[in-house]
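Trainee: Listed here are the chains, written in short residue letters.
Protein chains: 6
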Amino acid sequence: MFSVTVRDHMMIAHSLRGDVFGPAQRLHGATYVVDASFRGEQLDDDGIVVDIGRAAEVLHRVTAALTYRNLDDEPAFAGTNTTTEVLARTVADRLADAVHAGELGDAARDLTGIEVTLHESPVAWASYERAL
Amino acid sequence: MFSVTVRDHMMIAHSLRGDVFGPAQRLHGATYVVDASFRGEQLDDDGIVVDIGRAAEVLHRVTAALTYRNLDDEPAFAGTNTTTEVLARTVADRLADAVHAGELGDAARDLTGIEVTLHESPVAWASYERAL
Amino acid sequence: MFSVTVRDHMMIAHSLRGDVFGPAQRLHGATYVVDASFRGEQLDDDGIVVDIGRAAEVLHRVTAALTYRNLDDEPAFAGTNTTTEVLARTVADRLADAVHAGELGDAARDLTGIEVTLHESPVAWASYERAL
Amino acid sequence: MFSVTVRDHMMIAHSLRGDVFGPAQRLHGATYVVDASFRGEQLDDDGIVVDIGRAAEVLHRVTAALTYRNLDDEPAFAGTNTTTEVLARTVADRLADAVHAGELGDAARDLTGIEVTLHESPVAWASYERAL
Amino acid sequence: MFSVTVRDHMMIAHSLRGDVFGPAQRLHGATYVVDASFRGEQLDDDGIVVDIGRAAEVLHRVTAALTYRNLDDEPAFAGTNTTTEVLARTVADRLADAVHAGELGDAARDLTGIEVTLHESPVAWASYERAL
Amino acid sequence: MFSVTVRDHMMIAHSLRGDVFGPAQRLHGATYVVDASFRGEQLDDDGIVVDIGRAAEVLHRVTAALTYRNLDDEPAFAGTNTTTEVLARTVADRLADAVHAGELGDAARDLTGIEVTLHESPVAWASYERAL
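Going down the list, the sequences are from chains A, B, C, D, E and F.
Just so we're aligned, residue 1 is where the first sequence starts under this note's numbering, counting upward by one.
Just so we're aligned, residue 1001 is where the second sequence starts under this note's numbering, counting upward by one.
Just so we're aligned, residue 2001 is where the third sequence starts under this note's numbering, counting upward by one.
Just so we're aligned, residue 3001 is where the fourth sequence starts under this note's numbering, counting upward by one.
Just so we're aligned, residue 4001 is where the fifth sequence starts under this note's numbering, counting upward by one.
Just so we're aligned, residue 5001 is where the sixth sequence starts under this note's numbering, counting upward by one.
Derived from the structure by calculation, the hints contain no laboratory data.
Even glycine gets a Cβ: it sits at the ideal position worked out from N, Cα and C.
Just so you know, not all the hints are guaranteed correct.
What the hints assert, rightly or not - What the simulated footprint calls covered on chain C by chain A, stretch by stretch (three residues with Cβ under 8 Å from a Cβ of chain A suffice, anywhere in the stretch; the number is not a length): (1) 2003–2015; (2) 2019–2031; (3) 2104–2116.
Just chain A, with the same shape it has in the complex:
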């Protein structure tokens, strides 16, 4: 199996609801380093599993829609805790939508899965993996 990963980052504010979050219930923020992996069983005639340049562009479009924002005010997350896990799934699902919409080109048609990892600090990160 092959995979190609591209990295970007985003800087957001948010708060989390629930006693389990302790001081993170206060409005605070994070730089999320975002790694998006695209998986496939085979290479196309160009020798790639996905166009790495397009993958980077699409990931940047996804992070650009989230960065420099207070996620507490974003309608997309109304009633949802924007935990690292939830944001990893959000990024993965938006990338999956982009693949299905053809934004990653022909080579991406045979992709079998996506994994997104969000690093919230040097000592903590979360991932979400899904099929395509």
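With chain A fixed as given, assemble chains B, C, D, E and F onto it according to the hints.
Mentor: This is chains B, C, D, E and F only, laid out in the frame that chain A set:
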């Protein structure tokens, strides 16, 4: 599938028995950077797969029981080579015990697996992955 | 010359005032990875320039007073843009106060300088260096 | 499951054929940071899944045969785009050959798989995973 | 003293002339991770030493003029060994020209120095530091 | 000013004498990631400040004389606490001896300084800087 990873480290002395270890048969030491991943299929109502704060605390308790020690003198490792692989398994098993004992809280009940990676240097690391 | 550096991190929300900041004028956030270096010309009788354990504790106290907060609401920063440069200086000045108050112990009496670096993302960081 | 990973690097020149590669169609180059993981279900009597020293030597032999070269001139890659994916597969296949030829020793007999990751920059990498 | 650093990268092919370079006399390549630091004694009214966004743009313009090229064919380097040291100086000098041309804006007028570090691999890098 | 840095690592056991060291008074160990920087004002005719290949070899010789050892048993450190600061100075002094003995070649004659950084964990490191 979701996973949450927390990182800690420990600084130990040890020696390894067996010709295969060459100069590592001498008493020497290592800083192990320890990454512990907790995996689960679903998020709970708070939007998490595991309480990342508790996960960090439990991992720290496990590394604190090993750090600043000569593992050659630890009864827990009598007759065992404390290779990076063995130590990765030890940490993973102790974390699994903590999960089963309820130390990671209710959210951890549905965890399906643990993976522990020990980095012994910038150019070498080992992992152990197990079900819960 | 010797230096000892310890690393911690903090997760804050803030906004910046001024056209130069573009989208960062909106409320957003950052994980700051904070590196604090303590410099001295000589080692004490224990062979250290500063007690690295105490240095880590004092740095943690400084970051703990800032993390999980919206800096726009902190009286300490009223009327001040909390840029990465300003925050690096704030951390450095608070560490200098701790040194002068004796919180880093006797070994720290001969320290000559402090440098603090705040990494706001994998591709941007800022430092402030001052004498003691 | 256990895995042991060793890291090396290589510095190559190459060009890529196909419109999809944009400016990378020009002759350019890359430092590839190469991570090779060896997987197995069990530890041998020494407590290892593979001799990490030998694994590092074999990986170095593989990267040494590629580094400081223009891959456009290498017969092994005639008619092949030397994409990051293709190079990851090449390294993995050469490591698999070495395992089968006994170059990693007895402990390596029970290895079940290999994964090779090539980092081409801090923001892009590709992997290839295969059975043994 | 303050400094702000931005990071970018470039992927080039080149060869080096001179016995001292051993196998690097052959045409090969490198991913250079490029860190550019801008230094100043004071913050402006916005609380910055330089506009970090503009600094990143200017650095990207400089790396974009070098990346995806065979430096052996670039007129700018005719008769010059494009060692890591030389390339660090080239990047620093081009950034200094940009500062002097006003491309980094008013805040950059009081900058006192630039340092550029080029990482050629995880185990080797070179820097060049100059006044402004 | 130019500098060239090479990285290596060593894995040692040791204990530290003095209440200030707390649990580090017990026999324990560390992986030290060692960065050695060589500084000079000018490039030679080859365009280098020092032969990076030779610098790596000399650094490796220095770390090879320390790695896989219990420093408590090394005559060179009798009566000396092998703190990170002390070890950084030891490595720097041995590198300076090598420069003076001509082991880094002619280009190294004009080097003006050396700085050595030892990383003992991801959150702590120490440096020693000296003239040549």
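Trainee: Hint by hint, which ones does this structure get wrong, listed from lowest number up?
Mentor: As far as the earlier hints go, only 3 is violated by this structure.
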